[in-house]
Amino acid sequence: MTVMSFLGAIGAAQREAMDADERVIIFGEDVEANVYGTTGGGKTRSDKGDFVQMYGRNRIRNTPISEESMVGAAAGAAMTGLRPIVDLSYSSFLYMAMDQFVNQVAKNRYMFGGQASMPVVFRSAMFYGLNTGAHHSDRPYPMFMNVPGLKIIVPSTPTDAKGLLRTAIDSDDPVLTFEACILWGAKEDVPDEEFWIPLGEARTAREGTDVTVVAISSSVPEALAAAEALAASEGVSVEVIDPRTLVPLDRDAILRSVHKTGRLVVAEPAHRTCGAAAEISAHIAEEAFGVLKAPIVRVTAPDMQIPFSPSLEKQMYPTRHTIEAAIRRVLDLPASSEASQHAAATA
Amino acid sequence: MGTLTNETLLEMQRRMLRIRAFDERASKMVKRGHIPGTVHTSIGQEAQVVGATMALRDGDYMSGNHRSHGHPIGKGSPLGPLMAELVGKATGVCKGKGGSLHLADFAVGSLGESGIVGSSIPIAMGAALSASVRGTDQVALAFFGDGAANQGVLYESMNLSGVWKLPVIFLCENNQYALSTPAHTVTSGVIADRAAGFGMPGVRVEEGQDVLAVHDAVSEAVARARAGEGPTLIEVVTYRYNEHSEGLRLGTDYRPADEREAWLKKDPIQLFREHLQGIGIAPAELDALEAEVLAEVDDAVAFTDASPYPEPSVAFDDLYTDTEYAA
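Chains as they are written, first to last, in the numbering used here: chain B, 1 to 347; chain L, 348 to 674.
With the rest of the complex left out, here is chain B:
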């Protein structure tokens, strides 16, 4: 085990995949200079672990700021023998390449009757919560969940980031990974050896019996904090489930948990309408209505653009307080003064 940050874990997965398979290449904006800290081991080109030094410019390639052609090129390369990892930096840059994602990456295997596969990974960071304004704060994974043919991962811990990314790189299907920047600094012990976490297997982040909270991306640590607070103050037992991958989604794990607890809160940083929380809620309403002891409650960002000012932005995403308020609601507990104060802004 080594203590790794979220970004360090991503870098480790990329290095292991590059070592294991020469068909793996990385390209994107600023990958040679290791600007985001996932394509190198040091601060200078001569430091040990620098990807350009280790793998050469044939496999580590800077690109121009041309997302549409980068994504299309990755698709063409993936259909003809490579396994590219494309670093698109900010997730809102994906929109520049929407045609390639929707019409080529997602459709080609199906449209052409399975003649070729699309082993490619598109990495992007969600810079929300960091006062970067409306163009850089997007959490767009639900949009892509609406495109059959893409697989989508949203890791919330360094261990999951490493294991899921490695599986994504080794997968023969296109995978989009959405990495929350506010988790970048998170650190934990991560296995040194190679390991793979299957796509479509949820992780039970905390076991409980009274209520299920399905939490996504940066909402996972917030949900865990809410669970601890409620255990201490009310003696409530909260189960927290991190789906980790949204396509495929581990619907059975969520269903099993709701059968156990009879109550569901879903928390995610994306917008409310047609979000992952909406899909999970609908699934449980269809499949487990009879076991529900209370209406499902979603905790999401509102259907609103993200403002710049820190004083405005901080109210936009699920927090431990808004999640706690939702849990109290499904358990019919009185609102705590602190939680309800924080929750009022996003109700």
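These aren't lab readings, by the way, just hints derived from the structure by calculation. Idealized CB from N, CA, C, for every residue including glycine. A portion of the hints provided could be inaccurate.
[What the hints assert, rightly or not] Quick list of simulated restraints, FRET-style, between CB atoms:
1) B:T204 / L:A653: 50 to 60 Å
2) L:E358 / B:S46: 32 to 42 Å
3) L:P655 / B:E286: 34 to 44 Å
4) L:K378 / B:R256: 21 to 31 Å
5) L:T528 / B:R256: 52 to 62 Å
6) B:I65 / L:T528: 46 to 56 Å
[Unchecked claim] Per the computed footprint, the stretches of chain B lying under chain L, defined by three or more beta-carbons under 8 Å from a beta-carbon of chain L, are:
7) 75-87
8) 151-161
9) 218-229
[Unchecked claim] Reference excerpt, derived from the structure (chain L facing chain B, CB under 10 Å, subset only):
10) K442
11) M505
12) E554
Once you've looked at the hints, dock chain L against the given chain B.
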């Protein structure tokens, strides 16, 4: 390049005839309701298609557009699975899931047609990147039209492939109309001249109905690509005889009345037949070739007719390699 053998010249004529006969039959089948959906024919553009595809080798790649029956045929695909695909049969080259707009035959390097204008251009570039990284001497060719020549992704792709010196040929099939819109009314300057801005050769083939002129230009670009000298933009001037798509009836005649007549006088198949006779190929041999090709198309239709439609479950596979469809 060098001198082409008579065998190769006859193969060029055979493939042009195949495209013509295939698309003429497809046009009839659309009108009779035998082919569902929409179909865009390459009739009139055969020299441009075959001149390009026969400048490629086995193992080379190409991507196409909505008007792309000719591309896999030009690269050597058998006609039966292509025709079956147009009808939506289980034996179609894409199992009936692509149709006319999404033919692909990976066995001959055809990485697929795109119904979105310009969208397949970076796909060919990616195949060229793959060849380059893997260290093979394969090349890739992107077919696109004058309409796609005004899509931004073309210029992103020209820039990136120029920087990386990728073995790719950007081949603009300028049939002079984007549906009803004359290219000159929406295109500033000359398409081939745009290559200069990216530091790559730009070639305009004015005699796009001459299969040998196209073949020469593309062969030169392919040789450059294989030698590691990077991409080329080629613009071939050509003309489609039929409407934008079969069955389309536009309210306004957007093409001058005598324009089609003028182009019919330099029909690529007739021109090349005269050339072949001029170098001593017997007319009887050329007649026999035409009859053979018509029989091939008859066989393709018979194969299609004898083929079943796909099972309903086929609609739910091939999306992912390993994940079942979740309702």
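Going down the list of hints, with the structure as the test:
no., hint, in the structure
1, B:T204 / L:A653: 50 to 60 Å, "holds, 55 Å"
2, L:E358 / B:S46: 32 to 42 Å, "violated, 56 Å"
3, L:P655 / B:E286: 34 to 44 Å, "holds, 35 Å"
4, L:K378 / B:R256: 21 to 31 Å, "violated, 57 Å"
5, L:T528 / B:R256: 52 to 62 Å, "holds, 58 Å"
6, B:I65 / L:T528: 46 to 56 Å, "violated, 30 Å"
7, 75-87, "holds (count 8)"
8, 151-161, "violated (count 1)"
9, 218-229, "violated (count 0)"
10, K442, "holds, 4 Å"
11, M505, "holds, 9 Å"
12, E554, "violated, 31 Å"
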